[in-house]
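The lines below spell out each chain.
4 protein chains.
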Amino acid sequence: MKIQEIMLDESRNAKLTAIIQDVEGEYGNIKKRPAIIIMPGGAYWGCSDREAEPVAFAYSKAGYQVFILRYAVGEHRGWPYPLDEYEQTMELINEKQDEWHILTDKIAVIGFSAGGHLAATAATTAKHRPNAAILGYAALNKEISDLCQPGMPYPVEEVDDETCPCFLFAARDDNVVDVCSTLQFQQALWEKGIMFESHIYAYGQHGFSTAEPHINSNPICSRVPNWVADSIAWLGDMFGTLTPAGMTEPTCGPKFSDDREATLSVDCTLGHLKKQTGMAELVLKDVFAQLQAGVEQMYGPLAETLTDFVKLFKLKDILKIAGIPQEVVETLDAALKQIPNQK
Amino acid sequence: MKIQEIMLDESRNAKLTAIIQDVEGEYGNIKKRPAIIIMPGGAYWGCSDREAEPVAFAYSKAGYQVFILRYAVGEHRGWPYPLDEYEQTMELINEKQDEWHILTDKIAVIGFSAGGHLAATAATTAKHRPNAAILGYAALNKEISDLCQPGMPYPVEEVDDETCPCFLFAARDDNVVDVCSTLQFQQALWEKGIMFESHIYAYGQHGFSTAEPHINSNPICSRVPNWVADSIAWLGDMFGTLTPAGMTEPTCGPKFSDDREATLSVDCTLGHLKKQTGMAELVLKDVFAQLQAGVEQMYGPLAETLTDFVKLFKLKDILKIAGIPQEVVETLDAALKQIPNQK
Amino acid sequence: MKIQEIMLDESRNAKLTAIIQDVEGEYGNIKKRPAIIIMPGGAYWGCSDREAEPVAFAYSKAGYQVFILRYAVGEHRGWPYPLDEYEQTMELINEKQDEWHILTDKIAVIGFSAGGHLAATAATTAKHRPNAAILGYAALNKEISDLCQPGMPYPVEEVDDETCPCFLFAARDDNVVDVCSTLQFQQALWEKGIMFESHIYAYGQHGFSTAEPHINSNPICSRVPNWVADSIAWLGDMFGTLTPAGMTEPTCGPKFSDDREATLSVDCTLGHLKKQTGMAELVLKDVFAQLQAGVEQMYGPLAETLTDFVKLFKLKDILKIAGIPQEVVETLDAALKQIPNQK
Amino acid sequence: MKIQEIMLDESRNAKLTAIIQDVEGEYGNIKKRPAIIIMPGGAYWGCSDREAEPVAFAYSKAGYQVFILRYAVGEHRGWPYPLDEYEQTMELINEKQDEWHILTDKIAVIGFSAGGHLAATAATTAKHRPNAAILGYAALNKEISDLCQPGMPYPVEEVDDETCPCFLFAARDDNVVDVCSTLQFQQALWEKGIMFESHIYAYGQHGFSTAEPHINSNPICSRVPNWVADSIAWLGDMFGTLTPAGMTEPTCGPKFSDDREATLSVDCTLGHLKKQTGMAELVLKDVFAQLQAGVEQMYGPLAETLTDFVKLFKLKDILKIAGIPQEVVETLDAALKQIPNQK
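Residue numbers (this note's numbering), protein chains in the order written: chain A, 2 to 344; chain B, 2 to 344; chain C, 2 to 344; chain D, 2 to 344.
If you are wondering where the hints come from, they were derived from the structure by calculation, not from laboratory data.
It should be emphasised that the depicted structure is a prediction, and the values quoted were computed from it without experimental measurement.
Warning: the hint list may mix true and false statements.
A pair counts as met if it fits within one copy or between any two copies, since identical chains are not told apart.
[Unchecked claim] Straight-line Cα separation of at most 27 Å, DSSO-like style, residue types lysine-lysine; simulated pairs:
1) Lys344 - Lys275
2) Lys143 - Lys275
3) Lys276 - Lys143
4) Lys321 - Lys275
5) Lys97 - Lys317
6) Lys256 - Lys275
7) Lys97 - Lys143
8) Lys16 - Lys344
9) Lys338 - Lys286
10) Lys256 - Lys3
11) Lys32 - Lys321
12) Lys276 - Lys317
13) Lys312 - Lys143
14) Lys16 - Lys3
15) Lys321 - Lys276
16) Lys312 - Lys128
17) Lys33 - Lys338
18) Lys16 - Lys256
19) Lys97 - Lys276
20) Lys275 - Lys97
21) Lys317 - Lys128
22) Lys286 - Lys32
23) Lys32 - Lys275
24) Lys256 - Lys193
25) Lys276 - Lys128
Assemble the whole structure, with the sequences as input and the hints as a guide.
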């Protein structure tokens, strides 16, 4: 392990702490590791130590290369300095990916409160997008963003098709950043079909960080500390898990379906495909007729309603249940991928 | 322990299974127990066994008196029969509270999918409201309600000031009940200031019940089974915990603040109180001036913004931080409770 | 689900409660289930309710068919009545295996305190041995057995080669059954090469049962309640896990190695095989020479000590590391299985 | 946070890595922190990196000042060099307790395999004893100690009245350090009345370290990774928990009772006190008579056996149950503390 302190911008006192773990040798076939960039909170007035090292330890323990980004705050916080420093960090990581042993397509960000605003802005607007974002009691909507620093983007309004999967957590009784900030962000992710996980705890107020007893003294409900292990498990679902034999495959994709991709596929939902016209309609007509016939045969008069219950199933899942051979599915998929998606 | 099967309505085949545990004796000072009513899912076409007994065992283990409500489904499901059967269950529990050893102000409902619709309807519209509701991948908005059974209420539109605290869980990739159903219900609870806890898991699809390996075969992420223990801990926060010495105190109230009560109090938020006019303004003028002066003395020019960051603090919490003596707070509280709330 | 009360012996008031869950239908390909027999404690003076139903709920939830055995106690407790009633229970289960949907080679026992004495006696001496035993703060050695009821066997002295795998738990500060009872039983299991898992918690005293807050009021350390979930996971390791597709394979065998079997095999440890003379020595001479040569080539002078560090490795594991082809290992295994074991 | 590398002995290449966290400021009233010294394993041939930093992260996250001791190994491992280096570490910590913000009466050691031998030797024989020891699949008995390095002490034979509380963990199927090493150490701790916690997992082999997926590739049962969080909770029981308001009180003492102290007290067990003669007998005669009379009154003929069941109760606990006033207990305690203990 080595720890490096890197000055990103001396005039703004923006700094990066890199906690780099070894690879190979005792670590077997681990040649590179996934990484995480930590953005502490502090209303853009400061960068909280309580949301820096204690958080770093958790992801270091899980095998990540960890970076603590102490972005410009206080008098130096003028937008877009903090975001620039994030971009600079990503460029540095790409540059040093060999020296630092980093899988550059497995880089997460985690931000708390105002740091969550920065992390969400990175996830929704940055040139170098992260591959996953963890947002803790984050400042995400207009009201709280403006309060922190007028002139910044409002993450809830910036979610787009390229936004990475997100892990959200907050306490219902947050009395600094209204929990509606997180609720609205969930809704925005849902609208774009982005995958996410979200935990709103009954109570825990604001700023609990890892919720270790030595870190937090606000009343918290017993579930609050779970976000740490849960977020690590979730990252494993999104990135795959680091093992001495290398990374395993992800267990979850970044999108709910292919409904918002440029072309169609069997990973589109039935409901979405049913609304397509033209070539798609032609290609799918027989398939749909066959599925409808099968359902009617099994359920009779109920069939109409029943198919409404599977509108959100992906075509491939329905075809699998219907016992359609894999090669037929593949041929269909190839055909659909030639057809532009009418979103 | 004794198990009773009670026919609620023979023509509709609506049945109640009561699993009643003993009290006193080896159970010390436990004279009565909290209770939970389970409403299995099944699109109002059936009542799933997988969401009945296996769920009952979890809450029985935690010390609850448990009722499985097999409400009218299929051809008998005409609204409001299922809700009537819930009301009937509550009347029965009230009637037999001594025989069944039940704390009638500590009755929760738990419902899955269509059962979640019924539980949420009970929580938002019933004559006999439950004291807490657990809603699992529940059908809560217009689209899915209409699909289940036209003519029923839409829970997301029914949330009111009397709605009990709720515990919500669902999977992001639910392909039967769109997860937006749960998202919209969160939003509705937030708007009314109702306390809740919510867990949206990355993936787990629909109908995982307790997510025990013998119950579920869909792919689920590792966090899904946590809802069982988490919901029990949450009920403990809302109701207090059953111990051989009796129930402990709840650790969490049913509302975010007193902002929606009939009269004001020190449990209203600062932001809400600042908007009050007339008598309230008069009573609070000196208090606010004093708080503002204190902040300005400590933070100077930042003070204006700073006070915006505490708008969601309850007055009593701010007064505590400011070191105002408890008796002053109590006097103020008494005065505020005389003043009607301008919502 | 159905619950049956069966009188095993009216004169001794010995009773069996069977909690039988459904199979097939919504439970998919589950045709039979594993089972567990619960033996509450009570110094053979009584059968504690606190160690009966609340324990049953945990294993019912995990999918087991559950039996609560209220064996002869008090004036009727004369040995071997309680053990007879256990045998009777096993005969009944075998008889009714179809009606009760039970996998008769996946039957566990769990006993607490004096019930742990009975469960351990079943595991070590019964005609119908269980397939796994869970022993909670159990009375297992001479001193405590004699105190409960003179004339009974002492489980620590009865462990034999046929003893099933065991899961032990107790609190270090047990002031009723000295924790040395559990320590001695661990030692006895180790001596016979039986697999086990054991958790001695820092404090929790005696009789905590599931350690739910409504069950226990003694001071317990935070780990105590873990035994419930841990024991269920451990049963899954020993029996395989029940899923809608049927039982999975066990992940752990009942013995440390084949060192105590009638004949040799590649599942014997290297150290054990090295002590064999005659035919075994002849068969293994070349294998050992080859392994030794390989080690010396890699490690030189250290080789002597190094091979001492692998005495407890099974021969098959060493051969795998050494890259010996699977068919050679199988041929060797076949040859060894012809040779009687010199224990 | 700062990290310091300290050369303890250049000729033997013995090194100490200190990971020192900040205090006060954002950490509130935390002025000093508890500490832990990590001793990686490696058969005294090396110090495994897998049992160094990854372990450090876990305790750093929990708020501890962490030291990794890379003691003399390989050609430099001659005994007692490694133990000397431990003593040197403790002296350094004492010297720098202010600079490093360390509570010098809350220092734990954790050792794995051969490092567990060193940690246990520290716990049982060192000049500067630690206050708690965590021993992972540790080499503790004669056989494995001699194999590692002849001439070293055997920890199982060194346990004494001053040995600190221990937390033990190992896998039943350990094929390098026979699990009997841990079993024997449990027994030795029990004999001296030392408090301990112990987890023997069904399987996990040897050297799993934190059992994170990136660290370990041996098959492990699901419970293995729990030792990390469990050991931290246990340290909290022994030391108290670090909070922003300072350390809380320990919840568990280092001894089962006062039975092995120099003088008697009400913290001695009933059984031990009953065996005392002379002055103690005189002082306690009336108390015992009173207790016996009370029991006989309640239970009649059973009373004789009943009192045997409470032999391990501390006198103060029995007196409390019997309703003896606190001031009487205190007077008795003061009297007993004047009387030498006949061990």
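These are the hints, each one checked on the structure:
no. : hint            : verdict
1   : Lys344 - Lys275 : within (12 Å within a copy, 46 Å between copies)
2   : Lys143 - Lys275 : between (37 Å within a copy, 21 Å between copies)
3   : Lys276 - Lys143 : between (34 Å within a copy, 21 Å between copies)
4   : Lys321 - Lys275 : within (18 Å within a copy, 55 Å between copies)
5   : Lys97 - Lys317  : neither (41 Å within a copy, 44 Å between copies)
6   : Lys256 - Lys275 : within (20 Å within a copy, 44 Å between copies)
7   : Lys97 - Lys143  : neither (36 Å within a copy, 49 Å between copies)
8   : Lys16 - Lys344  : neither (43 Å within a copy, 47 Å between copies)
9   : Lys338 - Lys286 : within (16 Å within a copy, 63 Å between copies)
10  : Lys256 - Lys3   : neither (36 Å within a copy, 41 Å between copies)
11  : Lys32 - Lys321  : between (38 Å within a copy, 25 Å between copies)
12  : Lys276 - Lys317 : within (17 Å within a copy, 55 Å between copies)
13  : Lys312 - Lys143 : between (34 Å within a copy, 16 Å between copies)
14  : Lys16 - Lys3    : both (17 Å within a copy, 15 Å between copies)
15  : Lys321 - Lys276 : within (21 Å within a copy, 57 Å between copies)
16  : Lys312 - Lys128 : neither (35 Å within a copy, 35 Å between copies)
17  : Lys33 - Lys338  : neither (34 Å within a copy, 46 Å between copies)
18  : Lys16 - Lys256  : neither (33 Å within a copy, 42 Å between copies)
19  : Lys97 - Lys276  : neither (47 Å within a copy, 54 Å between copies)
20  : Lys275 - Lys97  : neither (48 Å within a copy, 53 Å between copies)
21  : Lys317 - Lys128 : neither (34 Å within a copy, 45 Å between copies)
22  : Lys286 - Lys32  : neither (49 Å within a copy, 40 Å between copies)
23  : Lys32 - Lys275  : neither (46 Å within a copy, 40 Å between copies)
24  : Lys256 - Lys193 : within (9 Å within a copy, 32 Å between copies)
25  : Lys276 - Lys128 : neither (34 Å within a copy, 42 Å between copies)
In summary, the numbered hints that this structure violates are 5, 7, 8, 10, 16, 17, 18, 19, 20, 21, 22, 23, 25.
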